[in-house]
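J.: Below are the chains, spelled out letter by letter.
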Amino acid sequence: MTSAANQDLDALYQEIILDHYKNPHHKGLRDPFEAEVHHVNPTCGDEVTLRVHLTEGPEGTVVSDVSYDSVGCSISQASTSVLTDLVIGKSTDEAFEIHQTFLTLMQGKGTVEPDEDVLEDGIAFAGVAKFPARVKCALLSWMAFKDAAAQVLADPNASNPEESK
Amino acid sequence: MIEGLLPELEVIRKDFPILERTLAGGQPLVYLDSANTSQKPQCVIDAMVDHLERHNANVARAMHQLGAEASEAFEDARDKVASFIKAPSRDEVIFTKNASEALNLVANTLAWATGDLAIGPGDEVVITEMEHHSNIVPWQLLTERKGATLRWFGLTDDGRLDLSDLDRLINERTKVVSLTWVSNMLGTINPVAEIARRAHEVGAIVVVDAAQAAPQLPVDVTEVGADLLAFTGHKVVGPTGIGVLWGSRRVLEQLPPFLGGGEMIETVRMDRSTYAGIPHKFEAGTPPIAEAVGLGAAVDYLAAVGMEAVHAHEQAITGYALEGLATVPGLTVLGPQDAASRGGAISFEIDGVHPHDVAQVLDSRGIAVRAGHHCAKPAHARFGVQSSSRMSSYLYTTPAEIDALVEGLLYTRSYFKVG
Ligand SMILES: Cc1ncc(COP(=O)(O)O)c(C=O)c1O
Chain Y
1184 MTSAANQDLD
1194 ALYQEIILDH
1204 YKNPHHKGLR
1214 DPFEAEVHHV
1224 NPTCGDEVTL
1234 RVHLTEGPEG
1244 TVVSDVSYDS
1254 VGCSISQAST
1264 SVLTDLVIGK
1274 STDEAFEIHQ
1284 TFLTLMQGKG
1294 TVEPDEDVLE
1304 DGIAFAGVAK
1314 FPARVKCALL
1324 SWMAFKDAAA
1334 QVLADPNASN
1344 PEESK
Chain V
2 MIEGLLPELE
12 VIRKDFPILE
22 RTLAGGQPLV
32 YLDSANTSQK
42 PQCVIDAMVD
52 HLERHNANVA
62 RAMHQLGAEA
72 SEAFEDARDK
82 VASFIKAPSR
92 DEVIFTKNAS
102 EALNLVANTL
112 AWATGDLAIG
122 PGDEVVITEM
132 EHHSNIVPWQ
142 LLTERKGATL
152 RWFGLTDDGR
162 LDLSDLDRLI
172 NERTKVVSLT
182 WVSNMLGTIN
192 PVAEIARRAH
202 EVGAIVVVDA
212 AQAAPQLPVD
222 VTEVGADLLA
232 FTGHKVVGPT
242 GIGVLWGSRR
252 VLEQLPPFLG
262 GGEMIETVRM
272 DRSTYAGIPH
282 KFEAGTPPIA
292 EAVGLGAAVD
302 YLAAVGMEAV
312 HAHEQAITGY
322 ALEGLATVPG
332 LTVLGPQDAA
342 SRGGAISFEI
352 DGVHPHDVAQ
362 VLDSRGIAVR
372 AGHHCAKPAH
382 ARFGVQSSSR
392 MSSYLYTTPA
402 EIDALVEGLL
412 YTRSYFKVG
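Residue numbers (the working numbering), protein chains in the order written: chain Y, 1184 to 1348; chain V, 2 to 420.
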């Protein structure tokens, strides 16, 4: 194999991604939760079932937990793991900002410089943006998270601060 | 030397200009995704360019020399297709957009049919668990709309149709049996004629999805027992944008029109219209003319190579590939394990590496395969897998390309540290 092709491959499959793939964080479906969504990537069939648990804190709504069950490729599995690391414990506003930053990185076709302060391990996905076919894999659980969190926020009764104690 | 390979393989490869291109990093192309779409020989490309450069006009309705030439070229293509599938009459060949549209044409017009072909509550449509989504969803829509029941053949563990309850599954209530001749996922070649015999015993019509069969098996619509048969141009070295529905005159004449518009009418008044005879009854609007010309050149090309020879080549390559894949640790082939009962598509799994990742690593080496559910989700579910990788060969595939695949798979395992 020529080194150019190998470099591209290594840019895609960063060690961080392979680590998250082999040892995903926060995996499994947990209670309590206020919304559960199921998203699929219709082209390849990758699937994620994702739950969010939001609580009301003094500083506003907080993402107390994101739990999930998923099947899919290394990119989609690792990005789910990274997502949970990044948003659990953050306010929903912060979480949505991180979401937007990740989305911008993924849709940048490799031209966006990733911000490590915001995305932490998520910067490893910068290489994915150069592979259009894989962008959907990386975004699967992020879209699911946005969907689930938005559902809870749209229906505040669903969020139960008592339950989280 | 592997027995059955096309003797002129190197000459054939020269007919397909794309096989000479290189990919990122100067890698030669190893195209193993022909079940998805086939590559095109120069003669098909030339036929389409020549048509557009010299003969372009609308068909049937242009009263000038170019119109006559275009109409003749378009109708010539129909003759070529008719002879390729041994249709008893050229009028039984209908051009569609692709195989999916051909199958939807049948399912929709059956929903509107009256008389013998009408379908209603209590009637049954039988398909199989190995169908492409294009031969599942139209029948779900039909049976839901008409209150009929959808039933299907299950699969055996080695990826064949489970025919053990053939006589119960196909019974007096059965109105339609629709099945694939060759599976795009498992590769299985189905005993269509045997199933058609049973279907005809109970008065059902038989619809054959030949999307994967037409590229690699000699097709004789009568011998296989079809009443209707669909295939798609882009898998038989022809262009995209054109497919074929063949139907027996008896059935086609009983079916109502599909789309309304120009070309499909005899006469139109403001209160009602009468329709053209077959095939035009089913070809509303300006058809894909250059595509038909390309398809005509494509089936002529395959006929010149000889479909028996193409089939033998596919079997030889498939046998060689099955042997090669067996040397990759942790690799499981889905579907029949002997080349004789399968076509040139092999889906497989590798322990510990997701199909997407397999395809990605192979792609970095210039090897094109498909990863995913191959539009056959139920067949994947039957084998408890969510997706698979698939290599598919064609008349231009060489043993060296299979060697490259096997080497690429071994590399994939080491890349993901599973061996
Ligand atoms: C068995 C089978 N049926 C139907 C189709 C649909 O063909 P098209 O997408 O050209 O309509 C395909 C190809 O994808 C196929 O493999």
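Source of the hints: derived by calculation from the structure; they are not laboratory data. Errors might be hidden in some of the hints.
Stated by the list, open to error - Label-pair distances were calculated between CB atoms; the ranges are:
hint: 1; chain 1: V; residue 1: R270; chain 2: Y; residue 2: E1219; range: 31 to 41 Å
hint: 2; chain 1: V; residue 1: E54; chain 2: Y; residue 2: T1226; range: 50 to 60 Å
hint: 3; chain 1: V; residue 1: A327; chain 2: Y; residue 2: G1272; range: 47 to 57 Å
hint: 4; chain 1: V; residue 1: A304; chain 2: Y; residue 2: Q1283; range: 55 to 65 Å
hint: 5; chain 1: V; residue 1: G155; chain 2: Y; residue 2: E1219; range: 52 to 62 Å
hint: 6; chain 1: Y; residue 1: G1291; chain 2: V; residue 2: S165; range: 53 to 63 Å
hint: 7; chain 1: Y; residue 1: E1219; chain 2: V; residue 2: D159; range: 54 to 64 Å
hint: 8; chain 1: V; residue 1: D221; chain 2: Y; residue 2: T1287; range: 54 to 64 Å
hint: 9; chain 1: Y; residue 1: V1301; chain 2: V; residue 2: V419; range: 44 to 54 Å
Claimed, not checked - Among the chain Y residues that face chain V by a calculated CB cut under 8 Å, a handful are:
hint: 10; residue: D1191
hint: 11; residue: L1192
hint: 12; residue: A1194
hint: 13; residue: L1195
hint: 14; residue: I1199
hint: 15; residue: F1216
hint: 16; residue: H1222
hint: 17; residue: T1232
hint: 18; residue: S1253
hint: 19; residue: G1255
hint: 20; residue: F1279
hint: 21; residue: C1320
Keep in mind the model is a prediction, meaning the values are calculated, not measured. Glycine included, every Cβ here is placed at the ideal spot set by N, Cα and C.
J.: That 31 to 41 Å hint for V/R270 and Y/E1219 (C-beta), does it hold up?
T.: Distance hint for V/R270, Y/E1219 is violated at roughly 58 Å.
J.: Is 50 to 60 Å right for how far apart the beta carbons of V/E54 and Y/T1226 are?
T.: This hint is violated: roughly 36 Å between Cβ atoms.
J.: Is the distance from the Cβ of V/D221 to the Cβ of Y/T1287 consistent with 54 to 64 Å?
T.: holds, 57 Å
J.: Against chain V, run the beta carbon of Y/H1222 and see if the smallest gap drops under 8 Å.
T.: violated, 14 Å
J.: With chain V as the partner, please determine if Y/F1279 meets the hint condition of a C-beta pair closer than 8 Å.
T.: violated, 28 Å
J.: Should the interface hint for Y/L1192 be scored as holding, given a Cβ-Cβ cut-off of 8 Å against chain V?
T.: holds, 4 Å
J.: So does Y/V1301 sit 44 to 54 Å from V/V419, Cβ to Cβ?
T.: violated, 33 Å
J.: Please test the hint of 53 to 63 Å on the beta carbon pair from Y/G1291 and V/S165.
T.: holds, 55 Å
J.: Hint says 55 to 65 Å; check whether the CB-CB distance for V/A304 and Y/Q1283 agrees.
T.: With Cβ atoms ~57 Å apart, the hint holds.
J.: Between Y/E1219 and V/D159, is the Cβ distance one that fits in 54 to 64 Å?
T.: 38 Å Cβ-Cβ, so the 54 to 64 Å window is violated.
J.: When the nearest CB of chain V is found for Y/F1216, is that gap smaller than 8 Å?
T.: Status violated, d = 24 Å.
J.: Against the range 47 to 57 Å, how does the distance between the Cβ atoms of V/A327 and Y/G1272 compare: consistent or not?
T.: holds, 49 Å
The earlier numbered hints that this structure contradicts are 1, 2, 5, 7, 9, 12, 14, 15, 16, 17, 18 and 20.
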